[in-house]
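Chemist: Based on these hints, arrange chains L and G on the given structure of chain W.
As a plain string of letters, each chain reads:
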Amino acid sequence: MNAEAQGGQALSGQALSGRAESVASLLRVRDLRVVIGGRHILHGVDLDVRAHGVTALLGRNGAGKTTTVRGILGLVPRTGSVLFDGTETVRLATHALVRRGIGYAPEDRGVFAGLSVAENLRLAERPGAGEPAYALVHELFPELRQRARQPAGTLSGGQQQMVAISRTLLNGNRLIIADEPTKGLAPKVVTEVAQVLERAAEAVPVLLVEQNLAMVRRLAEHCVVLADGRTAHHGPAAELLTDAEATRRLLGVGRHQGAAGPDATGPDATDRAPTGGPSADRTAVDAPPAARPHTDREH
Amino acid sequence: MSTVVLLTLTGLGLGALYFLVASGLSLIFGLMDVLNFAHGALLSVGAYGTWWAASGHLPGAGADGPGFVLAVAFGTAAGTLAAVLLELAVIRPLYERPREQVLATVGVGLALPALLSAIWGADARPFPGPAALTGTFGLLGAQVPVNRLVLIAAALAVLAVLKLFLGRTRHGLVVRAGVEDRAMVTALGIDVRKAFTLVFAIGGAAAALGGALGGLYFGSVDPGQGTSLLIFAFVVVVMGGMGSVGGAALASVAVGLVQQFANYYTTAGLGDLAVVVLLAALLLVRPSGLTGRLA
Amino acid sequence: MTTATPEQTEVGAPPAAPAADRLRRLTRWWPAAPLLVLLTAPWSSLPLPGLLDGPLGSPGSLQLIALCLLFGALATGYDLLLGRTGLLSFGHALYFATGTYATNTVMLQAGLPFLPSALLGLLGGVALAALLGSVSLRMSGIGFSMVTLAFAQAGSILVERDPGGFTGGEEGRAAPAEQLPAALVGIEHTANLYWIALAYLVLTLAVVHRVVHSRTGRVWEGIRENERRVEVLGLRPYGFKLVAFVLAGTLAALGGIVYLLLTGGATPQTTTSDFTLSLLVMVVLGGSGTRWGPLVGGVLYTWADHRLGDLAGSGAVAGLPAVLRVPLSQPLFLLGTLFVLVVYLLPGGVVRLPGRLRAARERSRRVTERSRRVTR
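So the protein sequences, as listed, match chains W, L and G. Position one of the first sequence corresponds to residue 1379 (this note's numbering), numbered consecutively onward. Position one of the second sequence corresponds to residue 4 (this note's numbering), numbered consecutively onward. Position one of the third sequence corresponds to residue 6 (this note's numbering), numbered consecutively onward.
The following block holds chain W by itself, in its conformation from the complex (with noise of 0.2 angstroms):
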């Protein structure tokens, strides 16, 4: 995969839409811009959520991944396009959108610290958008029904991000959004996370912000890569990690780490990789392989 080669081609809205009939895309954004304090974060990210699958969102730190998210959500004032399901959403309300069908789980988890565990899950239903999903819940996890009355601030990572990832599934969500669910967790949460992310993603389409590598590797089949607050390459995921020269200038993932390539090659890998070939990977004209200085801080 030559990527260098392909550099003079900007990502663009026509580019995509080439392809579009293909593989219809749940969620689009187009040029989303996010100004924070005079500060521009997001210079214009373009990214597809396909309407199945995972789509991973990757970036070095501070590239705009929580932004992006944010932006998507409304979060943080955005300019731009951001069409779920075929309707303009950028002028909704947040809680407007994602009452369209979007579960979030945010990166810092998002759980109400004084509130019992019950509450935060009471909290995510839907009034008149029929029967909450507890028993999916309590199937998935187990433990949360027994700690129902807990007060969700003492309960340890994993279990908070069992809360957090169990408000997005409470709903008939269309889209989850989950941002970095497995940051600062034990490696078997890590597991527990990865399979059931695995598992909604069979019903659902999800947009995973993710920095384990080895997490997107089992989990996405495409992948959207931010750099400097814009989107610097897209494609199949697989493609992109077995890469790595790729891995390592857009993801800033050191030699020995792209020397676990091979291991992605694997068989779980490969069958997941779509059939697109190199011209479905595209790098973005102005997001040159020296990254610039990252001084922004996500939000």
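Mixed in with the good hints there might be a few duds.
Covered stretches of chain W, going by a simulated chain L footprint (3 or more residues, C-beta under 8 angstroms) [to be verified]:
no.: 1; region: 1459-1466
no.: 2; region: 1470-1477
no.: 3; region: 1487-1495
Simulated restraints on C-beta separations [stated by the list, open to error]:
no.: 4; chain 1: G; residue 1: Leu329; chain 2: L; residue 2: Pro69; range: 36 to 44 angstroms
no.: 5; chain 1: G; residue 1: Ser145; chain 2: L; residue 2: Gly249; range: 21 to 29 angstroms
no.: 6; chain 1: L; residue 1: Val87; chain 2: W; residue 2: Arg1469; range: 22 to 30 angstroms
no.: 7; chain 1: L; residue 1: Tyr267; chain 2: W; residue 2: Ala1471; range: 50 to 58 angstroms
no.: 8; chain 1: G; residue 1: Val328; chain 2: L; residue 2: Val288; range: 49 to 57 angstroms
no.: 9; chain 1: L; residue 1: Tyr98; chain 2: G; residue 2: Glu183; range: 54 to 62 angstroms
no.: 10; chain 1: L; residue 1: Lys197; chain 2: G; residue 2: Leu136; range: 42 to 50 angstroms
no.: 11; chain 1: W; residue 1: His1516; chain 2: L; residue 2: Tyr267; range: 54 to 62 angstroms
no.: 12; chain 1: W; residue 1: Ala1429; chain 2: G; residue 2: Ser219; range: 56 to 64 angstroms
Bear in mind the hints are in silico, worked out from the structure with no lab data behind them. In this text, all values refer to a predicted model and were calculated from it rather than measured experimentally. Each residue gets a CB set at the ideal place from its N, CA and C atoms; glycine is no exception.
Modeler: Just chains L and G, lined up with the frame of chain W:
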């Protein structure tokens, strides 16, 4: 002994009044980050509404018996309405601009008492009240004014209702969650602005009730009454932890008692001074008093 | 009118077009014209019906104008905190009142003449601002506002309770006329007081202008925009904020001394949180963070506060229906309402109005031109 009893009940009565103002103030700040400088004016609206109705302007209302209850209800309703209007017309259009919101409440806090004094004059007006509530009763040798008990009972009732509302209803759950993390509440698909209006309505109602019954306590109404109570309500809010109703209840009792006892046993005014100095000290020692969330 | 304009013209003016350059350099001195008018006001007998009660040079009018100028200056000093550094202090009245009360008390109790007393009063204000500022600034955001409010309230309670009979409690205390310089006492010397107020205003404007364009002023601007970024640059915001706080407190204490002369006494109203809130209203009304905004707001507020009441009693208003007459009789109602409207509709205050109107006119002109071109 009789002095101690009188001071205690008077301090509790004053604390009850502070609680009625501070509980709403605390919820509003906790949920919306808005320090509502117009909250004292809402108390004044309640006081004048009650005074106006009890003075025979509202049919059926009067200074005695059920007529007085109706007058208090009318005053409370007027304050609630004013609070809702304030939120919808002044606060909401400035959403996500907390500093402008605070400034706007400063303007309203200035304009409302001025309007009251434009209509009914700047001087204090004697407050009519039922004979049963204006007398005193004997307790352990002290002659305690009945209105102290009325205030304490009202504050306890408001505390109980607030606790029930926050603990048992979905709207209360949304308010408690919003105090912790407003953005996350919207990200769960809940229109948190509805909770803003609701909290303003509750806070306005409590403050206006405080105004209606404070008229009994002070024996008169004047346009500046609410504003002068506001600073002590701020003290209570900070001491109790912003957004905490239970904390506000404890802090208002403490402030009321300290003020009464210090003013009586030391130089007059030292109690007031002690309370504001306490506020400064508390803020500096424990800045989390401002961020301490709903318990 | 933003403060940056003079600098921009200096730096950005092209070397060509010397005539335009000269004109611009001349127009830079436009504040000299109103200053000249203000300087000559005491000799004028121009009647300004409605605006003023008597002719311009009459003692009553001079007294009101002097108060307007004093509060304009005071608001300008307060804006060092609010508009320039982004600090919302609810305790500015304390430093103003310290200037008034300390000077008056030293004169009354120690029997010192006015000038040494004023110096002590000023020093008292500076010391208090430095002390309480260094403590209050350990908090930020609304916590800072609350601490300053608490300190100022403590001062206000002290003054009203009148410990030891120093402050005169709710009545306040008149300044001892025999200890003041003769040229500053009596209605026939109002012009002298007026000039003192004017001098105080010019001094405040000069100090604020200078310091805002210094390195310190640029750091303040940084703090106002984003305190964290200032820290990233390796600067300690605390020290810079303290400088702003003490400087504003000093200017306020000086204003308190002028107020003592102007009104002939100390009144407890100047210690209250309402007094600080009125400063806040003045600044925001006129335009926070601008060179002339706080001055305009202070003058407007003070004038309205003093004159609207009189106007309401006049025949013109008395003839109006009650719905209009009643609110008009309360300046604070009008000011409060105006303030809310400005917060909403005119962020940036009254001084931004001409610029906004010009921009709107420009827009509409461009639209008409375009439509004309199209029809052609």
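Chemist: State for each hint whether it applies.
Modeler: A quick look at each hint next to the structure:
no.	hint	verdict
1	1459-1466	violated (count 0)
2	1470-1477	holds (count 6)
3	1487-1495	holds (count 5)
4	Leu329/G <-> Pro69/L: 36 to 44 angstroms	holds (38 angstroms)
5	Ser145/G <-> Gly249/L: 21 to 29 angstroms	holds (27 angstroms)
6	Val87/L <-> Arg1469/W: 22 to 30 angstroms	holds (27 angstroms)
7	Tyr267/L <-> Ala1471/W: 50 to 58 angstroms	holds (54 angstroms)
8	Val328/G <-> Val288/L: 49 to 57 angstroms	holds (52 angstroms)
9	Tyr98/L <-> Glu183/G: 54 to 62 angstroms	holds (59 angstroms)
10	Lys197/L <-> Leu136/G: 42 to 50 angstroms	holds (46 angstroms)
11	His1516/W <-> Tyr267/L: 54 to 62 angstroms	holds (60 angstroms)
12	Ala1429/W <-> Ser219/G: 56 to 64 angstroms	holds (60 angstroms)
In this structure, only the earlier hint numbered 1 is contradicted, and the remaining ones agree with it.
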